[in-house]
Each structure stands twice: as structure tokens, then as C-alpha cells.
Amino acid sequence: MIARYIHLCVLFAAAVVFRGATPLYGQPSDSVRRIETVTVTALKSQTDVIPAQTLAGEELQRLSVVSVADAIRYFSGVQIKDYGGVGGLKTVNIRSMGTQHVGVFYDGVQLGNAQNGQIDLGRFSLDNMEAVSLHNGQKSTIFQSAKDFASAGSVYMTTRRPTFDEGKRNNLRLSLKAGSFETVNPSALWERRLGRRADASLNAEYMYTSGRYRFSYCKRAGYDTTETRRNGDVRALRVEGGLFGKIENGEWRTKLYLYDSERGYPGASVREEPGKFRHEDRQWDRSFFAQSSLRKTFGRAGLQLSAKYANDWLHYLSDPRLDVTTMYVDNSYRQQEGYFSAAGEFVASDLWRCSLSSDVQYNTLKADLTGFAFPSRLASLTAAATELDLKRFRVQGSLLYTFVRDHTEAPGASAGDRNEWTPTVAATLHPLRNADLNIRAFYKRIFRMPTLNDLYYTFIGNKNLALEYTTQYDLGAVYSKNFRTGALRRVELQADAYFNRVWDKIIAMPTSNQFQWTMLNLGYVEIRGIEFAAQGSWQAGSIALTSRLNYTYQKAQDFTDPADEWYGGQIPYIPWHGGSAILGATYGAWDANYSFIYTGERYSSRANIPENHAQPWYTHDMSVSRRIALRKTTLRLTAEVNNILNRQYEVVQCYPMPGTNFKIKITMTL
Amino acid sequence: MKKYLLILLALVACRKEDEIVKSTSTQVVYPYPDVGEVKGFFLLNEGNMGSNKATLDWFDYETGVYTRNIFAERNPGVARELGDVGNDLQIYGGRLYAVINCSHFVEVMDVRTARHIGVASIPNCRYVVFKDGYAYVSSYAGPVQIDPNARLGYVAKVDTASLSVVAECVVGYQPEEMVVAGDRLYVANSGGYRKPNYDTTVSVIDLNTFTEIKKIEVGVNLHRMELDRYGNIWVSSRGDYYNAPSQTFVIDSRTDVVTDALQLLPCGNMDRCGDSLYVYSSEWSYLYQKNTTSYAIIDVQSKRVVSRNFITDGTERSIVVPYGIAVNPATREIFVTDAKDYLTPGTLYCFSPDGRRKWSVTTGDIPAHIAFSNQKLKPVN
Chain A
1 MIARYIHLCV LFAAAVVFRG ATPLYGQPSD SVRRIETVTV TALKSQTDVI
51 PAQTLAGEEL QRLSVVSVAD AIRYFSGVQI KDYGGVGGLK TVNIRSMGTQ
101 HVGVFYDGVQ LGNAQNGQID LGRFSLDNME AVSLHNGQKS TIFQSAKDFA
151 SAGSVYMTTR RPTFDEGKRN NLRLSLKAGS FETVNPSALW ERRLGRRADA
201 SLNAEYMYTS GRYRFSYCKR AGYDTTETRR NGDVRALRVE GGLFGKIENG
251 EWRTKLYLYD SERGYPGASV REEPGKFRHE DRQWDRSFFA QSSLRKTFGR
301 AGLQLSAKYA NDWLHYLSDP RLDVTTMYVD NSYRQQEGYF SAAGEFVASD
351 LWRCSLSSDV QYNTLKADLT GFAFPSRLAS LTAAATELDL KRFRVQGSLL
401 YTFVRDHTEA PGASAGDRNE WTPTVAATLH PLRNADLNIR AFYKRIFRMP
451 TLNDLYYTFI GNKNLALEYT TQYDLGAVYS KNFRTGALRR VELQADAYFN
501 RVWDKIIAMP TSNQFQWTML NLGYVEIRGI EFAAQGSWQA GSIALTSRLN
551 YTYQKAQDFT DPADEWYGGQ IPYIPWHGGS AILGATYGAW DANYSFIYTG
601 ERYSSRANIP ENHAQPWYTH DMSVSRRIAL RKTTLRLTAE VNNILNRQYE
651 VVQCYPMPGT NFKIKITMTL
Chain B
671 MKKYLLILLA LVACRKEDEI VKSTSTQVVY PYPDVGEVKG FFLLNEGNMG
721 SNKATLDWFD YETGVYTRNI FAERNPGVAR ELGDVGNDLQ IYGGRLYAVI
771 NCSHFVEVMD VRTARHIGVA SIPNCRYVVF KDGYAYVSSY AGPVQIDPNA
821 RLGYVAKVDT ASLSVVAECV VGYQPEEMVV AGDRLYVANS GGYRKPNYDT
871 TVSVIDLNTF TEIKKIEVGV NLHRMELDRY GNIWVSSRGD YYNAPSQTFV
921 IDSRTDVVTD ALQLLPCGNM DRCGDSLYVY SSEWSYLYQK NTTSYAIIDV
971 QSKRVVSRNF ITDGTERSIV VPYGIAVNPA TREIFVTDAK DYLTPGTLYC
1021 FSPDGRRKWS VTTGDIPAHI AFSNQKLKPV N
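Quick mapping for you: the protein sequence lines, in order, are chains A and B.
Heads up: the first sequence is residues 1 to 670, going by our numbering.
Heads up: the second sequence is residues 671 to 1051, going by our numbering.
So that you can see chain B by itself, here it is in the shape it has in the complex (with noise of 0.2 Å):
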């Protein structure tokens, strides 16, 4: 009874016409015949920043279809849906983990019905990444000193049981994207607020203590991280966007030594599958007025650049900004996003492990960022 009587001065209270955004669906492809392991991906559309347009799509292998949109209606009693800006997606321990950039929290939800279940909340918070029940968040928010210009950011952990910080650890200006290598979290530290004197700069924690233990000298404004098998961590920086140009940098998790530096490797985004990492490029220069775009796949044991251009079918000719890229672990079909002008829904492309593409779907505005999932997710009701 309680429950119509809310319904009922909801209804009173609302505008009849206001309607909780529904999913739509698209059959982009025919049922895979043969799914393995990995079931689906959700994919986290950013949504253009103050525009509170963060969406969430799945794809599901099984039955070859695309449903954009799913937050909204799985949890119509989140009030202002996903939020503003997303800005990474991860699963961990049947939980997915939506870092959501302007809404300052980390959305925790079911990874089988994408429903809420609660949030973490650190201000100004980019990437997630995990180890030990713990989540560590990257954020821009840390300790504000003398100079507010001069402002560090900071690491938080965070107990995945009870979604609460228990630890924060400052580290660079504007950390970015991190990895953990044995005990140690590594963190690419990017200065993007204080352009142009970004920071060059990996900072090094020490999980057990969790305090930062060192500061490796990189290159300017980095901010992608992946992690091989062989220990060597690969980060990119973005350049100054004038005269220092994208190019990826290859540091040894065990001496802590930058190796490598690859000039002619510019980064924008990347992912790893085996010993292939896949590249893509967006390098946007002042000096010129354009982005230069490239697809590369790099052998991560011989540090040679295996192809220039992974699209060999020519679709790279229609995308318009690359975004997001993935690779699927057990297809090892390639997934690269276009976020085109921004403003617009933006498309994902999937491309078959020799580069051909099988199918491209529209998603959300800025797609960004893929999380596979080994586990279906539930219809709605």
C-alpha cells in the first residue's frame, strides 16, 4: 500500500511526459556461433564534460546484439542517471567499476545486471585499477599547498568491501593511468593542468606501506600504462602538442630504468593481447592545425614495430577521432572507437584479427572505454 501511495505522489510530483531514457538495441552482427570464455563487454561512453551524458552500452556475443543505453533504465532510482564525464570502466570481482570524472565517484554496480550498488567518492577521479580487495584511484584532487597552481594529486585506496578510502598516497601533478607490478603501483603522472610545464614523471608506490618510494623520470604529460609479461612497463606520453611529439616510453618494473624510448611510436591509447600491443594515435599539433592518426601493433619481447597500420581494410579513412581501443583476450578481434565531433554519438568499430572490419555499431557520445566481461548480463527483468 505504501508502495502505490509513493507511486502515486510521484506521479503527482513528476511531469507525466518526463520518461526514464530506454535502452535501444542493434543486431550488428549474426550470433557467434562459438562463444568462448568472454561473454560480452560493456563499453562507457565519457559524454561531453557539464553535460551529465555519461552512458553505458553492452555488447553481447551470444546474440550478436548492441544495446546502448542501459544504465537508465536497470537503475531508475539513481537520481541524474550515470553522471558527468566517464572516464574508466573495469571489472573486478563480479563488481564493474565506472570511474565517473565530474561526478568526483567511482559507480560500483553488478556486472550481471549493471545495477547499482553504491559509490566511492573521491573528487576529480580518472582510473581504477586493483590488487587485493583493494581499488586504487587515480585523481587530480590531492592536498593543495602554498601555490594553488602547484597542485599534486594523489592514489586512493579503497576497500572494494565497504567502497570507503581507507588510504591516500600523493604522488605527481595530475596522475593518469597505472599499473601494478608485483608490489608496487606505478602511476603516470601528466601535469595537464599546469600545461605548459607538465610533469615528466612516474611516481612509484610502495603498496604495503603505500607510500610513494621514488619518482621515475619519463617525458612530458604521460598518461597510458600497460604492463607486459615480460615486467617492462610501456607509457605514453602525450606531448606538449607544439614541439615535443606523442612517443612511448618503456620503463623495467625491476630495475626501474626507462629502457626505451620510442620516438617514432606516437601514443594516444593502447592495449595489449599476448606479446602484441595495439597503438593508436590522435596527435594533435598546434603548430600544424591537425590531428596525425596511426595504427600500430608493436611485438612487446623484440620492442620492434610490427605493423604502421593494423585497419588493413581501409576504414581508418572514415574515423574520424580514434578514442578507445581494445582487443578482445580469446578473439583477439581488435575494437577501436570514434569519437568523431564530440558532440554526436559517436561509433565502434570491430575488426577481425587480421585488421578487416566485421562490424560497427553506434554508441553513445565519446565511447572510450571497453571492459569484457565473462559473465552475460541479465535481461532487464
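Extracted from the complex, chain A is given alone in its bound form (with noise of 0.2 Å):
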């Protein structure tokens, strides 16, 4: 059963190799080790005690979409909040919990932003991505960093490692692309061996468009206008260099991360006289990080250690001199972060097995506004798991530690320490001997400390804030099959029911007037979900095909006030239902791709009225490739059309979304 399933997995690689792989160490770094990657990932993916999903390799990079946020749209229980754009600030919601309860990992260490507390994931580009995955609750490993347990939900990165073919030292790939809003994208990656046991890569992308685009609105027997989207211009640089190394009995990894970028704000579309003001916002960002990481294993014990560095600034720039509408603002920003984290595993049998982790996390922000609190953050998380796999039961339990102690210049200014508990539980049963079929539930309970911007921003932030608390309840089935004949090769299903609760919701609030705001903790809200997601593999003669389809469900209400008249209202941008499908075809050299995203009807507020509608949308992509194998180089063609039927549609309200798109791209592989 598993050596087939192995060899099932080696031809159709392209679907689900890495799903539920600890993205640090899950890549394959040569020929035969792929195989044995496979073998535990295939085994892994089998009983994951909580739902995950991934997108890797072939599949992943035949996707026609620009960056990470594009390619989450494809998982279900996920809202992509998109202001529009390559530019446009692209958030992640899980479960509709809130973006804010999202922990983003590159290469298995999380990604911060102590200050809003939100990853914008249109800045990562898949142009270096092995694989993006998806996890509701936490991953379903209990060796794992405290920060792994964190999270109300996951989003994982993992960067390409460095393979070379055999007598190989050096690999190199350039690539260019091109295409709408005057994108230009080149990039280039090289991985060198530097000895039996070290290898190096670097990596480098450039990106500029000019994010001009028109859309229009029109109404029924009224008004049709077209509009162009303008200071929507993106320039950003990204260079990334990597160090990969094994020991005995193990394996490490360093990373510099260097991001660097301007770009326009084009702000809300309302209604103006046609191009009379222009919009000049502007935000500088530049983002460093160093990070490393090293796992081992003695006998039945295990260790991790991570550690890592980062430097964000931020400068914002609004400039009445150039747009006359607008007020002055001209602030810098600068965090800093620094991170160690020690995690143990304990194997005390095949059935039993348990550990240990230890984080300290410290965090400053600085800004050039006037009476800022400086405010810096020392959290430190300690979790405690274990693991009893009785074959056909298995579960998984943590225990989560949480203390968080502020500080601000300003005396008086800091809110109190946290100290919190929060557990998770999750089992799965496999229930029949000859069917994989894995039924699978989980509990977790965790918080989102309210962001440094929440407690102390100048004239907004309220020190006297709760933490933001949420439970989730998860049911679900995975069932998988392999044939050997026939057109369908590998079908895997798999359907999740959930119920979750918010319990005071850290939301920003205007006081007495419109310029005034302060945060505050209002709201209750409970999300019951369905999801379901089939993926199969299929062979027709010498074509192969992989399909994907999820659909999602959500009632998300707000029951904060029974007094009031929208209580019991869908939240914001939750649309009850939506899908996604994709269809990826070989055909000798040829790749083929063609993908659709459907986002029901949905409301711009809790009050479900006429006004606060909008409208579903969906949109169809498509891509063709074609590799070309010359003497020593490998070439590869690729066209993309995305938005085929030019769908004009808002994913945020006053936020027009791109019509048609087009794009090409050369790869260059020597």
C-alpha cells in the first residue's frame, strides 16, 4: 500500500507531495531523498490531525498569479481582503476570525509586524516558492517552535532549496516578465554546492508597474463610467541569500532577507469630478531580516533552535503640494525584532511521544509622531505538547503559555502584563482497515494580543485594551484512493465543519467626530463553516491532468448587541458561499492551466441592506506553457490571461479590481 502509494506520489509529484511537511526541513535536496521525503510526507499527509492545505512544485508555479496572497485565494475558508492592484495591500483571513489572527512563517520562522499586526502577502513573490500551505488551528506536528502554536491559523512559506542533478555544482535560472499595467519583472536565482554537506543559493527579483488600469461602474439603466486607476505604481527589489547545510543527524539553514520597495496609495475610488485632483500618497518600505535555524536528533531526543533579526522602516508620505486635497502627513516608522526560539521532542515509543518549547520574542517601534509612547515588547511563549498514535487513533495535545510584559518611554503610557493559557487538542481516527479514510476534529482556544499600534498609536491607541479571544471547534473527514487504471489515478477528498467564536473584537472607532477614533473591544461574533475540497490526478493517454476544487460556507454573524437592529448580520466581506477550481494538464513539453474564483454576494457591514451590497464575482485565468530543451539550457515559454471575461468587480468596497490582464514570461534554466 505505501510503496504504490510512493510510486503514485513520484509520478504525479506535482499535486501534494509536501502537504503537511515542517516547511524548514520538508524539502527534497537531492534525487534519492526526494523519495524518502515523499514516503514520510505521503504517510504524514494521511493522518494530518488538522486540516491543511497546500499548494507546491509544478502545480504552484503553473498558477497565472503574481504573488502568495493570489495563490491562497485557490484554499477554502480563506478571504483575501485585496485593495486592488499589484500594489494593493493583500491580507488574509482565516475562517473569518479576522486578519489579525493569521501567523505568516517564512521558512518556519513567523513573520512580525508588532506594529498593525498584518502581513501584507502581495509582497511575496512566488518567483522562489516551493510551497504555500494553509493550516486552521496550528500545523499538526508537536515539534515545533511556541510560535507554531500561536495562531488561530497558519499561512507557511517555504522557499526553494537548493537540488542539483547529479555532477552538478552550479544551477542557474533568469527569468523575465512582462505584461500589463507595464510590469517588468526580471529575476534570477543562483544555487551553488559548496561541499558535500553545504550548499548556497541567491536570489534576486525586481518588479515595477505603474498599476494603471481602468475599470468602470455602471448601473443598470444609469450611469456607465470608466475610469484609470493612477499612483498605483509599484517599484520593489527583493534579494534573498540562503545557506543550507547538514550535520549528522541533521540539518541547518541561515537566511537574509533584504525587501526594499516604493509605491503609490491610489485611496479609495469615489466619486470626483473626473481627473481633477491627483493623488499623490506615498509609502517607502524597507524590510532586513536574518534568520537561522538547526534541527538534530539524539537517539529518541530531538532539538530545534531558531533565531533570528529583523528591521522594518516605514515612511508615508502625503503631500499637499502635489494633491491639493489631501492633508500633511510625513511619518517614519521603524521596528525592530529579535527573536531565539529552543524546542525539544522526546520520543519515548512508537505510541508516545511529547515536547518542549521556548521562545522570547522583544519588539520596538519607534515613529517621528508627536507624543509617541515608544513602546518596545518582550513576549515570551513556552509550549508543552505531546502525542499518543495508537495506529488507529491518534491525538495530539498543547499547552500554550503566553506572557507579554510592555514598556514605553512615556511613564505610565504601558499597558499591564499578560499572562495567558491557551490549549489545544485535536485527534484522528482511522476507522477502516482496507479505505484511507482519516476522520478528525480539533479544539483551540488563542488570543491576538492587541498590536503595539492598538495600545499606543498618538491620539488613537487605548492602553486599557483585552485581548482579542478566539475557540474553534473543527469536525472533518480526508479520504483518499489510488487507482491503477482507468482515467483518475488519485482522487482525495476531503470536508471540515467548524464553529468558531470572537469574543472582543479590537476595533478602531471614531469617538465624538470623524477625526477622532480610539480602538476599542466591541463585538462577539460565532462562524459556522463547511468546507470541502476534492483534488485529483488523472492520466488520458498521454496527458496529465490534476484538478483541485474547494467550496466554503459561512454564516459569520454578529451577535455583540441583542438591542441592536443588525444583530445577527453577516460581518463585513464574508460572502455566504465560495469556490475556486483549478485544472492543470502536461502534455510532453506543454503545461497548460486554467483557474476560477467564484466570491458570493456578500456586505460591506454587518447592516445587510440594499446599500451595503455588492455583488458576486468571479473570474477565470489561463495559462500555456512550453518548455524548450536547447543544448545545455532549458527554456520556458508561458502566456497568461487572467480575468478572461474582463469582470469588473470590488473586492473591497471603493476598491476597483483589474479587468483583463495579460503577461509573459521567460524562464532561462542552465
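Some clues are possibly wrong.
As the list claims (entries may be wrong) - Only pairs whose alpha carbons sit at most 30 Å apart, straight line, appear in this in silico DSS-like list of lysine-lysine:
hint	chain 1	residue 1	chain 2	residue 2
1	A	K81	A	K168
2	A	K366	B	K865
3	B	K960	A	K276
4	B	K960	B	K885
5	A	K366	B	K960
Said to hold, decoys possible - Partial list, computed: chain A residues near chain B (C-beta under 8 Å):
hint	residue
6	T225
7	D281
8	W284
9	R321
10	M327
11	P562
12	Y567
13	P610
No lab work stands behind these hints, which were simulated from the structure alone.
From the three backbone atoms N, C-alpha and C, an ideal C-beta is built for every residue, glycine too.
Put the two chains together into one complex; each comes in its own frame, and the hints tell you how they fit.
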């Protein structure tokens, strides 16, 4: 059974290979290892205790998407808040609990934003990405850092780890993308084998786009207006260097990351006299981080160490000399983060294992705002976890302890210490001996800390904020089956039903007028959802096909105040129905991909009235590519058409999305 | 033929399901038996910034029906409806003027039909007053000097016949409400963009020359203005939300001297009817992280507080954030709007002159500005 599965996995390596693998070490580093990795992950895939979804390898690269955010749209239970265009902020919301409950991990270490708690996934390109996976609750493993236990849902981005063909010491890949919105996007990757035990990689990418596109708003028997989105230009440079090594019974990895960008903020598209005013708000970002991790096993024990330093600078300028309508804003912010994590695992027997992990994180935030509090935050997280594996029944439990102490330069401005204990329990049952069916369930309680902005932002912050707590209950099943003959070679079906609750939502509220805002804990939300996902691998003659289908139903209701007229209303921007489909085909040197996304009707406010109604939208994207083998190099040419039917739509009210757009891509591998 | 072709084209280009949002009506009260000269009123809902959701409502005294969101269906050809953040509403010369702050114009409509006539383009416009065929519109967007953070506002003089700006007069920082007293225009300067360095002055403009002749030192972060029958101008100060509380000042327009500083009269918004000045206050304090609300009546002749709570039946307890106030000059009914959480529709309360709730109705988002009309609004087609 397992042997057959390995065989099939190698055959259809595209689809599900990396599911459940730890992002740090799940990548194959050579062809022999590849099969080993497949074995391990394939086994894990069948016993993922908590639902996980992954797009990896060829399937990921074939999608005609720009960023990680675009790829995540194809997962179930997910809403991307997208402000439109290449440069518009894109954040992910898992199962309607809110974007700030999502932990985003880059090569195994969490990306921080102590300032506002949100990670713009639109900034992470797929150029060097090996896998993107989404985990509800937490990743289904106990041997991980305490941070891995600390979010209500997580996104893991795993970049490429160098692999070399027999006898090769260097890999070189050059690519150039160009297309609509005057986008130019060259990138280069150089990988070098440093010896038997170490590899290095260097990856650089530059992107420019004018971000200019036409959009229309029209009404039946009413107006029909077409305008152009301006000031959406982006210039971004990303440079990444990595060192990868093996030691006896272990591995290590070091990564340096630099991102430098300038972008315009086109702002909300509202009624204005066309072309009369120019909106010229601009933002500059410079992010740098260095992170290292090491994992080693000592007989029955395992150790994992990780460390990180991050430095993020942001400058925002709104200048009335360029835009007469605006208020002058010229502010810079600098965040620094230091992080260290140690995790240990003890495998007592085949049946029982346990782990302990401890993380320490220190954040500072500086800004040139009047009366700024200059906050810093020390957080210590400790997680104890255990797993019992009775073959037909597996259970994991973890308990996380979080201690947070803030300090502000202004005396008395700091919030009090926080001490919180939060548990997770997950179990999976394999009821039938002959069918690959697993029934799973999990419970998780976790909170999000108010961010430094929530607590201390000048004129807005509120140091008395409580934690925003969530609980999740999930019950689901996963079934898979492989076939030796026929067109369908493998099918995997997943279904989950869940019930989430969010207490004390942290929201921004105007006070006595629209100029004065404050942060408040207000709101209680209940979310009931059903997710369904199907994946198939097909073989028709010499055409290999992969298919993926997702559907989500969500009822996310605001139950804050029974006296409120809108009590029980669907919360903003959560559609009742959503779904996606991907179809990929390989025929000889040709690859083709078709993808479809549907977002059903929803409302921009919990007042579910016609004024706030947003129309459903769907987009069709297509790409075709061909490999051309030359003497020593391989060329790959790709053409993409996105939003084929030129659907005019908004994800966020007053932020129009682009219509039909094109892209071509040339990749040369040496 | 051409018209049908255009409609056909529009249908093809449009998503058929995208309809103009229709108005909705609610019978809020029995028809008023004896409708006086005030036939009804318009209410402008601001809509949250960046959501393009300013809407216009109408209450009809003759039928007792309140109709929400009348602009879109009466003006299907106006692209993107009324616009973003409605900040003031006035009637003058048979026209309805809605100042749309973040759409940067004043929308001018026929007061009998609420149909679009034109716009007067003024960036970051705030409030409007009228005199002798001209509209005076305050704007934050004055000329930018060397320091972009020290940008003065201005008042635009708009010819109501052509809707074009004929002159501009630079005033203080971020000017708000204005009153016309004789040949002079008084402008409350807030300095709201410069917190904590708020402006503290009232600019005085001579309307004959349309130049600023002086600045009167009044108080921190000025906002509202009301002129009474005795030539006194009542000016509200928002305070600084920390140590300086909101209060109300009185300027004698004959001498341009601040005669009174009513420290115990915080003022968020006010409306005058006869000698009674109705003032609510919803004062935010960052020190206490809460709003403090009060509803007072002042006798403008004696400058004494007559009542500390003009709502007498306890309804004030259900008002979350009072945001707009108006008194019907004929019936002396008091109207107070509740902006609630600013993201969902608010509520309009109608109180009898003795402060008892007569009716209430759900409005658009952030109900704020009321203009009483002596003309009946014609039904749509």
C-alpha cells in the first residue's frame, strides 16, 4: 500500500507531495532524498490531525498569479482582503476570525509586524516559492517552536532549497516577466554546491509596475463610467541569500532577506470630478531580516533552535503640494525584532512522544509622531505538547503559556502584563482497515495581542484593551484513493465543519466625530462554516491532469448587542458561498492551467441592506507554457490571461480590481 | 431611436444585476393634521470616509413618511451617486446645497425634485453659508506655503447663478462653520490637521472687499457657529480631547469682542430657535477613554442655561453618539441624530418641544445635517 503510494506520488509529484511536511526541512535536497521525503510526507498527509491545504511545486508555479496572496485565494475557508492592483494591500483572513489572527511563517520562522499585526502577502512573490500551505488551528506536529502554536490559523511559505542534478555544482535560472500595467519583473537565481554538506543560494528579483488600469462602474438604466486607476505604481527589489547545510543527524539553514520598495497609494475610488485632483500618497518600505535554524536528533531526542533579527522601516508621505485635497502627513516608523526559539522533542516509544518549546521575542517601535510613546514589548512563549499514536487513533494536545510585558518611554502609558494559558486538542481516527479514510477533530483556544498601534498609537491607541480571544471547534474527514487503471489515478476528498467564536474584537471607532478615533474591544462573532475540497490526478493517454475544487459556506454573524437593529448580521466582506477550481494539464513539453474563483454575494457592513450589498464576482484565468530544451539550457515560455471575461468587481468597497490583463514570462535554466 | 440604442448599449456593457439602489420609505408618524410652512426636511447622511456613501433622506410632514436614500434613484445618470462624506446641507433660492467633503464639491440640486443641477468644485470643502446671491464655502485646502504642515484654509465665494468660484479669501487653519453678520463673514478656524497645535481664532471677512480684516482670539479648536437676534455669535470649541475641555464662547459682532466664555457648556453641535439655543455635547476624553454626553438649552438673551437635559423622557440613554441637531422653526420639534458605530445606519429622533420622543426612524450611515424645506418634494416621476 505504502509502496504503491510512493510510486504514484513520484508519478504525480505535482499535487500533494509536500503536504504536512515541516516547512523548514520538508524540501528535497537531492533526487534520492526526494523519494524519502515523499515517503514521510505521504504518510503524514493521511494522518494530518488538523486540516491543512498546500499548493506546491509545479502546481504552484503553473498558477497564473503574481503573489502568495493570489495563490491563497484557491484555498477553502479563506478570504483575501485585496485593495486592488499589484501594489494594493493583500491580507488573509482564515475562517472569518480576522486577518490579525493569522500567523505568517517564512521558512519556518514567523514574520512579525508588532506595529499593526498584519502581513501584506501581496509582497511575497512566487518566484522562489516552493510551497504555500495553510493550516487551521496549528500545524499538525508537536516538534515545533512555541510560535507555531500561537495563532488561530497559519500560512507557511517555504522557499526553494537548492537541489542539484548528478555532477552539477551550479544552477542558474533567469526569468523575465512582462505584461499589463507596464509591469516588468526580472529575477535571477544562483545555487551553488559548496561541498558535500553545504549549499548556497542567491536570489534577486526586481519589479516595476505603473499599476495603471481602467475600471468601470455602471448601473442598469443608469450611469456607466470608466476611469483609470492612478498612483498605483510599485517599485520593489527583493534579495535573498541562503546557506543550507547538513550535520550528523541534522540540518541547518541561514537566510538573509532584504525587501526595498516604493509605492503609490491610489486611495478609495469615490465620486470626484474626473481627472480634477491627483492623489499622490506614497509609501516607502525597507525590510531586512536574518534568520537561522538548526535541527538535530540525538537518539530518541530532537532539538531545534531558531533565531531571527528583523528591522523594518516605513515612511509615509501625503503632500498637499502634490495633491491639494490632502492633509500633510510625513511619518517614519522603525520596528526591530529579536527572536530566539528552542524546541525539544522526546520520543518515548512508537506510541508516545512529547515536546517542550520556548520562545523569546523582543520588539521595539519608533516613530516621529508627536507625543509618541516609543513602546517596546517582551514576549515569552512556552509550549508543552504531546502526541499519542495508537495507529488507528492519534491524539495531540498542547498547552501554550504566553507572557507579555510592554514598556513605554512615557511613564504610565504602558499596558499591564499579560499571562495567558491556551490549550489545543486534536485527534484523528482511522476507522476502516482497507479504506484510506480519516476522521479528525480539533479544539483550539487562542488570542491575539493588541498590536503596538492598537495600544499606543498617538491620539488613537488605548492601553486598556483586552485580548481578542477565539475558540475553534472543527470536525472533518479526509478520504483518498489511488487507482492503477482508468483515467482517474488518485482522488482526495476533504470535508470539514467548524464553529468559531471571537470575543472582544479590537476595532477602530470614531469617537465624537470623524477626526478622532480610538481603539475599542467591541464585538462578539460566531462563525459556522463548511468546507469541501477535492483533488484528483488524471491520466488520459499522454496527458496528465490535476484538478482541484474547493467550496466554502460560511455564516459569520455579529452577535454583539441583542438590542442592535443589525444583530445577527453577516459580518463585513464574508460571503456565504465561495469556491475555486484549478485544472492543470501536462502534455509533453506543454503545460496548461485554468483557474476559476467565485466569491458570492456579501455585504460591506453588518447592516445587510441593499446600500451595503456587494455583487458576486468570479474570474477565469488561463496560462499556457512550453519547455524548450536547448543544448545546455532549458527555456520555458509562458503566456497568461487573467480575468478573461473582463469582470469589473471590488473585493473591498471603493477599491476596484483590474479587468482582463496579460503577462508573458521567459525562464531560462542553466 | 438613438435613445433606445444607447439604452441597449448600456444594458450590454452593464452587469444586468447591478441596479440603482432604490429609496425605502417608512411611515413614522400619522400624517400631521396641520402642516405649517415647513413641508418637510432633508437629512444628509455623511457616510464613512472612503466608502462613497453619502446619502440623502426626506421626511414629509403631510404624509408622515420618511424616505431614505432618495438621491440615487432621482439621479440615475449621476455617476457614483452623491459622493464621499456629506458635510453640510443648506437650502437657498430654491436649491439644495450639499457639501460633499471628500468628493471635493458642493452638489447643487433642485429643492422640489432633489435633481442634480451642477456642482461647485472646491477641494476639501466643509460648510456653506449664503448672502446676496453668493455662496461662501469654507475649505481646508488653502495655498501651500513653505511649510506644508502650516497650510491655511480659505473661504470660496461662489456665484450661485454660474456655480463658479469667483474669489477666494485665505483664513486660519482648517476653517469650519461660518455666520454672516451684517456685511461680515465670521469663520471658525479649527486647526484640526495640526493637533495638538490647534487654531484658536475666528477670522472676520469684510464681504464688500472679500478680505480678512482681523482674527479674533477665541479658544482651542473652534467648530460651530450660531448668530442670535442680538448680534451675538455663539462659537463652540471642541477642546483638545485631553486637558482643555469643550466649551462655548460668545462674540459680540458689533464690537468683535469675546464677551463670554461658558466653561460649563461643552458644545458638540447646536441649533437656535428664537431665543433658545439647543446644544448637545458628546465630548471625547483620551484621559478617561469615554464620551460624556449632555443636552442643554440656553436662553441667548440672558446667556443662562435653562435646561441641562432637553430630553425629558429618558430617551437619551439609547442615543450612543449624538451627531446632528435641528429645531423645526415652526413646530419647535427637536431633532437629534445618533451616529452609533459610524459603520451602520443611524437613527433620527424627533422630540416634542417638551422633550418627549414623538418618533424615531432608521436613517443612512452617520445621519448629520438637516435642512427644513418650505417646499414639498415631488414624488419620483
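Now for the hints, and whether the structure bears them out:
no.: 1; hint: A:K81 with A:K168; in the structure: violated, 43 Å
no.: 2; hint: A:K366 with B:K865; in the structure: holds, 20 Å
no.: 3; hint: B:K960 with A:K276; in the structure: violated, 40 Å
no.: 4; hint: B:K960 with B:K885; in the structure: violated, 33 Å
no.: 5; hint: A:K366 with B:K960; in the structure: holds, 27 Å
no.: 6; hint: T225; in the structure: holds, 4 Å
no.: 7; hint: D281; in the structure: violated, 12 Å
no.: 8; hint: W284; in the structure: violated, 18 Å
no.: 9; hint: R321; in the structure: holds, 5 Å
no.: 10; hint: M327; in the structure: holds, 5 Å
no.: 11; hint: P562; in the structure: violated, 14 Å
no.: 12; hint: Y567; in the structure: violated, 11 Å
no.: 13; hint: P610; in the structure: holds, 5 Å
Violated hints for the displayed structure, listed by number in ascending order: 1, 3, 4, 7, 8, 11, 12.
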